[in-house]
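Protein sequences, first through last, are from chains X, E, F and H. Just so you know, the numbering used here puts 98 at position 98 of the first sequence, and the rest follows in order with no gaps. Just so you know, the numbering used here puts 79 at position 79 of the second sequence, and the rest follows in order with no gaps. Just so you know, the numbering used here puts 41 at position 41 of the third sequence, and the rest follows in order with no gaps. Just so you know, the numbering used here puts 123 at position 123 of the fourth sequence, and the rest follows in order with no gaps.
Please note that the accuracy of each hint is not assured.
[What the hints assert, rightly or not] Taking CB as the label site, the calculated pair distances span:
{"hint": "1", "chain 1": "E", "residue 1": "Thr105", "chain 2": "F", "residue 2": "Asp106", "range": "27 to 37 Å"}
{"hint": "2", "chain 1": "X", "residue 1": "Thr105", "chain 2": "F", "residue 2": "Thr86", "range": "38 to 48 Å"}
{"hint": "3", "chain 1": "H", "residue 1": "Ala173", "chain 2": "X", "residue 2": "Gly93", "range": "28 to 38 Å"}
{"hint": "4", "chain 1": "F", "residue 1": "Thr86", "chain 2": "E", "residue 2": "Gln180", "range": "34 to 44 Å"}
{"hint": "5", "chain 1": "X", "residue 1": "Lys254", "chain 2": "F", "residue 2": "Lys199", "range": "52 to 62 Å"}
[Stated by the list, open to error] Pairs of lysine-lysine residues, derived as DSS-like cross-links and limited to a Cα-Cα distance of at most 27 Å, are as follows:
{"hint": "6", "chain 1": "E", "residue 1": "Lys254", "chain 2": "F", "residue 2": "Lys12"}
{"hint": "7", "chain 1": "X", "residue 1": "Lys250", "chain 2": "E", "residue 2": "Lys23"}
{"hint": "8", "chain 1": "H", "residue 1": "Lys23", "chain 2": "H", "residue 2": "Lys273"}
[Said to hold, decoys possible] Over 10 Å on every C-beta distance to chain X, these chain E residues come out as not near it, computed from the model:
{"hint": "9", "residue": "Ser146"}
{"hint": "10", "residue": "His154"}
{"hint": "11", "residue": "Ala183"}
{"hint": "12", "residue": "Ser189"}
{"hint": "13", "residue": "Lys254"}
FYI, nobody ran anything at the bench for these hints, they're computed from the structure. We put the beta carbon where it would ideally sit given N, CA and C, even for glycine.
Number of protein chains: 4
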Amino acid sequence: MMKEITKNILTKVIRKRPADSFKGTYGKIVLIGGNRNFGGAIIMASLAAVCSGAGLVTTITDPTNQTSLHDWLPEAMFVDYNDFETASPIIKGADVIVIGPGLGTDNIALSLLTKTFEVAHTNQTLIIDGSALTLLAHNHLSLPKSSLNILTPHQMEWQRVSGIEIADQNPTANQRIADQLKAIIVVKSHRTEVYANGKVYQNTGGTPAQATGGMGDTLAGLIGGFTAQFENKTAATLAAVYTHSAIADKLAKKQYVVLPHQISEALPKFMFKNQESKNDN
Amino acid sequence: MMKEITKNILTKVIRKRPADSFKGTYGKIVLIGGNRNFGGAIIMASLAAVCSGAGLVTTITDPTNQTSLHDWLPEAMFVDYNDFETASPIIKGADVIVIGPGLGTDNIALSLLTKTFEVAHTNQTLIIDGSALTLLAHNHLSLPKSSLNILTPHQMEWQRVSGIEIADQNPTANQRIADQLKAIIVVKSHRTEVYANGKVYQNTGGTPAQATGGMGDTLAGLIGGFTAQFENKTAATLAAVYTHSAIADKLAKKQYVVLPHQISEALPKFMFKNQESKNDN
Amino acid sequence: MMKEITKNILTKVIRKRPADSFKGTYGKIVLIGGNRNFGGAIIMASLAAVCSGAGLVTTITDPTNQTSLHDWLPEAMFVDYNDFETASPIIKGADVIVIGPGLGTDNIALSLLTKTFEVAHTNQTLIIDGSALTLLAHNHLSLPKSSLNILTPHQMEWQRVSGIEIADQNPTANQRIADQLKAIIVVKSHRTEVYANGKVYQNTGGTPAQATGGMGDTLAGLIGGFTAQFENKTAATLAAVYTHSAIADKLAKKQYVVLPHQISEALPKFMFKNQESKNDN
Amino acid sequence: MMKEITKNILTKVIRKRPADSFKGTYGKIVLIGGNRNFGGAIIMASLAAVCSGAGLVTTITDPTNQTSLHDWLPEAMFVDYNDFETASPIIKGADVIVIGPGLGTDNIALSLLTKTFEVAHTNQTLIIDGSALTLLAHNHLSLPKSSLNILTPHQMEWQRVSGIEIADQNPTANQRIADQLKAIIVVKSHRTEVYANGKVYQNTGGTPAQATGGMGDTLAGLIGGFTAQFENKTAATLAAVYTHSAIADKLAKKQYVVLPHQISEALPKFMFKNQESKNDN
Numbered sequence: 001m002m003k004e005i006t007k008n009i010l011t012k013v014i015r016k017r018p019a020d021s022f023k024g025t026y027g028k029i030v031l032i033g034g035n036r037n038f039g040g041a042i043i044m045a046s047l048a049a050v051c052s053g054a055g056l057v058t059t060i061t062d063p064t065n066q067t068s069l070h071d072w073l074p075e076a077m078f079v080d081y082n083d084f085e086t087a088s089p090i091i092k093g094a095d096v097i098v099i100g101p102g103l104g105t106d107n108i109a110l111s112l113l114t115k116t117f118e119v120a121h122t123n124q125t126l127i128i129d130g131s132a133l134t135l136l137a138h139n140h141l142s143l144p145k146s147s148l149n150i151l152t153p154h155q156m157e158w159q160r161v162s163g164i165e166i167a168d169q170n171p172t173a174n175q176r177i178a179d180q181l182k183a184i185i186v187v188k189s190h191r192t193e194v195y196a197n198g199k200v201y202q203n204t205g206g207t208p209a210q211a212t213g214g215m216g217d218t219l220a221g222l223i224g225g226f227t228a229q230f231e232n233k234t235a236a237t238l239a240a241v242y243t244h245s246a247i248a249d250k251l252a253k254k255q256y257v258v259l260p261h262q263i264s265e266a267l268p269k270f271m272f273k274n275q276e277s278k279n280d281n
Numbered sequence: 001m002m003k004e005i006t007k008n009i010l011t012k013v014i015r016k017r018p019a020d021s022f023k024g025t026y027g028k029i030v031l032i033g034g035n036r037n038f039g040g041a042i043i044m045a046s047l048a049a050v051c052s053g054a055g056l057v058t059t060i061t062d063p064t065n066q067t068s069l070h071d072w073l074p075e076a077m078f079v080d081y082n083d084f085e086t087a088s089p090i091i092k093g094a095d096v097i098v099i100g101p102g103l104g105t106d107n108i109a110l111s112l113l114t115k116t117f118e119v120a121h122t123n124q125t126l127i128i129d130g131s132a133l134t135l136l137a138h139n140h141l142s143l144p145k146s147s148l149n150i151l152t153p154h155q156m157e158w159q160r161v162s163g164i165e166i167a168d169q170n171p172t173a174n175q176r177i178a179d180q181l182k183a184i185i186v187v188k189s190h191r192t193e194v195y196a197n198g199k200v201y202q203n204t205g206g207t208p209a210q211a212t213g214g215m216g217d218t219l220a221g222l223i224g225g226f227t228a229q230f231e232n233k234t235a236a237t238l239a240a241v242y243t244h245s246a247i248a249d250k251l252a253k254k255q256y257v258v259l260p261h262q263i264s265e266a267l268p269k270f271m272f273k274n275q276e277s278k279n280d281n
Numbered sequence: 001m002m003k004e005i006t007k008n009i010l011t012k013v014i015r016k017r018p019a020d021s022f023k024g025t026y027g028k029i030v031l032i033g034g035n036r037n038f039g040g041a042i043i044m045a046s047l048a049a050v051c052s053g054a055g056l057v058t059t060i061t062d063p064t065n066q067t068s069l070h071d072w073l074p075e076a077m078f079v080d081y082n083d084f085e086t087a088s089p090i091i092k093g094a095d096v097i098v099i100g101p102g103l104g105t106d107n108i109a110l111s112l113l114t115k116t117f118e119v120a121h122t123n124q125t126l127i128i129d130g131s132a133l134t135l136l137a138h139n140h141l142s143l144p145k146s147s148l149n150i151l152t153p154h155q156m157e158w159q160r161v162s163g164i165e166i167a168d169q170n171p172t173a174n175q176r177i178a179d180q181l182k183a184i185i186v187v188k189s190h191r192t193e194v195y196a197n198g199k200v201y202q203n204t205g206g207t208p209a210q211a212t213g214g215m216g217d218t219l220a221g222l223i224g225g226f227t228a229q230f231e232n233k234t235a236a237t238l239a240a241v242y243t244h245s246a247i248a249d250k251l252a253k254k255q256y257v258v259l260p261h262q263i264s265e266a267l268p269k270f271m272f273k274n275q276e277s278k279n280d281n
Numbered sequence: 001m002m003k004e005i006t007k008n009i010l011t012k013v014i015r016k017r018p019a020d021s022f023k024g025t026y027g028k029i030v031l032i033g034g035n036r037n038f039g040g041a042i043i044m045a046s047l048a049a050v051c052s053g054a055g056l057v058t059t060i061t062d063p064t065n066q067t068s069l070h071d072w073l074p075e076a077m078f079v080d081y082n083d084f085e086t087a088s089p090i091i092k093g094a095d096v097i098v099i100g101p102g103l104g105t106d107n108i109a110l111s112l113l114t115k116t117f118e119v120a121h122t123n124q125t126l127i128i129d130g131s132a133l134t135l136l137a138h139n140h141l142s143l144p145k146s147s148l149n150i151l152t153p154h155q156m157e158w159q160r161v162s163g164i165e166i167a168d169q170n171p172t173a174n175q176r177i178a179d180q181l182k183a184i185i186v187v188k189s190h191r192t193e194v195y196a197n198g199k200v201y202q203n204t205g206g207t208p209a210q211a212t213g214g215m216g217d218t219l220a221g222l223i224g225g226f227t228a229q230f231e232n233k234t235a236a237t238l239a240a241v242y243t244h245s246a247i248a249d250k251l252a253k254k255q256y257v258v259l260p261h262q263i264s265e266a267l268p269k270f271m272f273k274n275q276e277s278k279n280d281n
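Excised from the complex, chain X in its bound form (with noise of 0.2 Å):
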């Protein structure tokens, strides 16, 4: 039976900060994406990561996405993508991996896509997303064995990942690849499934105000962002789910389209509102 994502899950997730933290506590947070083409993609999922309070942002992309990254974010440091020298050491030394937004599917890409997959090591969440699980699927590679892998397509993807047509997506069928994955699968749809430790959850947001470009980059660098600063990595993730739709809803009740980057901004005060409470600390 299918849990509903509610409310509740935000105060359980969303810690008050401790007084003498520093911007270790809260995580090295690496995204890599964004080619020549589709650069926006990997700058819309920083935005999330740097917006919902990760520690420290590392984004890995084309280097014609470099002045436009600092543009929408001073805050995140830039590597060039075809420079996996400078990459690897800042991928291995990453709490949180972000790889897929406007990733692409040429040759760089796979092997971006390859060498994380290798050097993926334990106490690593890696979440797989975008080009990255058109890749996955049609190169038939093996998830890394160590780090715990958050995959998040939405319908078409999931159905090139798992094998099962989107008419046939279903709970029991999702559940029984999501287990052989061992991984948390977030199909992203008008009402977000999530699958986790045998589980299925089911979001209780969204609007067709959200049905816009950027939307799942936004989402997979929210997740990054909560998996990042969070300790429960699955609780984590149904908080970036719940809170991604819960402000596109609240934005929607003005707006006829909601943005990506609408979202990212309205983070910081969504997160003040909706954190553990002070008397339950």
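Position chains E, F and H relative to chain X; hints supplied.
Positioned in the frame of chain X, the structure of chains E, F and H alone reads:
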């Protein structure tokens, strides 16, 4: 006799989004333009397309405009307009094509226009604006036969395309050429006129505060966004024309001049307020 | 005797826009400046020109400034300042030319200045600012004979141009040189003075919160925007000087420092409030 | 005994600007840093300098950061950090030099640091931050003798510079090294400490919402802006430290995380409210 374009058109066109829709529901739109000198034009057109709610937006432009495009719009995808091999399948796969804002009139521009005319097909809406109209006239090109074509000239561009001197432009003369062209014609002026299906419509809004570079580019992108989302293309065009001036009129109640990007940024809230009423649904 | 520049000038100059006007009605303005080191200067000047309502704005600058220009101003057109073949007809076709903000004093700068002086003609207003004033003085150039010339020096630049030491600058001495130059002179200081048609005007506004880099560039662009739109060039200059300081004075009621771009962004509302009254029309 | 840094410091330091001042009155500041990977750091430092009211700001950085710099700050001038011939006279002519944010530790960085140390002279304030502190420690450089030097390490950087392990860092131990270095030391932590003139000051503000990349860069730029404008450099440093955390504390009343650029953007209004009172003047 001319029919007035009034606020009524909005709730007929701007449908309430169905709950289970996704970004594909709201159309794929491609915008082609922006040479090295006029990059801002295609950015302003693209901004209108994204802010009006088009599902997936790709901008095909000079590579020197890549960063500015993503600084304004991480939501838009970028294609180098010198790389027609990459651009061609994207143009073929689009629901709506906008060509012309800032395109210029050099050989690359002409080549892009003729190739676009070649690939345009049934079920596509093709909006021809700015420099593309000048190229069309000067090179005696024929409009594509199978796409729905919308031309958005100002009066001088209409003179070039129609052969009717500005002083002689009147509904009867314009109508005759519109019929020959089998296209929807939007003649932009103080009171913009739309020729469609043998009828003439005149806009009732508009302000001299709009008399600034980039307004036409914004309108072209907005017609693109509306025709990408809404079924009836004539009505969508009329609604875009009305929306463009209605937002400007509102801003002009407090501003001496209205900048084009302000109109785009006001779209999500304006469209929310003026969508199909819940009672009618 | 010096006449005070007061708020009265605004409603005399800022005319109510006629309903059937179009962008050509509000002038073509060209801004020339911004080398690789001082690109921000020409951007700030261009921003003032666009925000004040100039109809068509082209910025001729170092190519490394193209992206920043469009990030601030998609409304402005860009021309590479090394490409005088492209720039020349645009300069000739302009109603107003602003030359100098961030131009620098190297050979390209000098060449641009002398070529601009060569093409300047009757019916054009030529505003000479910043480095262009230094070049003018150091190279003993003569001002163009047929254009209306407006010089906007700060006190040190005025010393270079006029030969009058700062300590000796007074209305009588300044007036004499202004007469020789047959130009409008705007000597910028705590209380800016304008010399025009044998008269001296002193501004009554201005705040030390304005004492920051870029203020002069903004004023030059604003004089450009006003002279492009309004008939009486002396009155337009006085109104621009007043507007620049009046907006700063208002912002300084809440800010320790006023940034130049804030003044430009406040123009549309300020001009709306202070335009020709409806009763007078 | 440690003295507390409280709100009192603000009205003592932030003087009311004299009416007849100009931009030169508020100092020339040069910021050196931002390699290809860490460009955002020097942009954030520069933003703090400009927003705090420094008169003239020049940023010396990797050329790939030119556009992002001007997108954030048209008010700042740009110099390529590979071109020391251009940079050198600007550094010599500065009132304040900030070196280190995003500088990195490669050969160019080391060369910039040693050359800056060579040209630093009396009447200059030299703020050494970030990577410059690591370079200082690892290369056993001596601080310049004649400039007023301010070091802004976090605890790990202070360990590198002072040789005191983080666990052993205490006022007595820190004080001893500060005396040897003859510098003002700002040790950044949950409660930042300032060592100056044989005294120790502890900040009373600060929030874990600040624990994000770029906060330190912003503080370095802010100390630069304050020391450029205000006479007493120790008091200016204390006021900058207090201002940085006080703005963050205020924003953190509504935000889960505070982004560095938000602090800079809040400076003009914060400084207005907390300047020297009119009654005291």
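Hints, one by one, checked against the model:
no.: 1; hint: E:Thr105 to F:Asp106: 27 to 37 Å; result: 33 Å, holds
no.: 2; hint: X:Thr105 to F:Thr86: 38 to 48 Å; result: 39 Å, holds
no.: 3; hint: H:Ala173 to X:Gly93: 28 to 38 Å; result: 30 Å, holds
no.: 4; hint: F:Thr86 to E:Gln180: 34 to 44 Å; result: 36 Å, holds
no.: 5; hint: X:Lys254 to F:Lys199: 52 to 62 Å; result: 53 Å, holds
no.: 6; hint: E:Lys254 to F:Lys12; result: 19 Å, holds
no.: 7; hint: X:Lys250 to E:Lys23; result: 19 Å, holds
no.: 8; hint: H:Lys23 to H:Lys273; result: 21 Å, holds
no.: 9; hint: Ser146; result: 27 Å, holds
no.: 10; hint: His154; result: 28 Å, holds
no.: 11; hint: Ala183; result: 28 Å, holds
no.: 12; hint: Ser189; result: 28 Å, holds
no.: 13; hint: Lys254; result: 20 Å, holds
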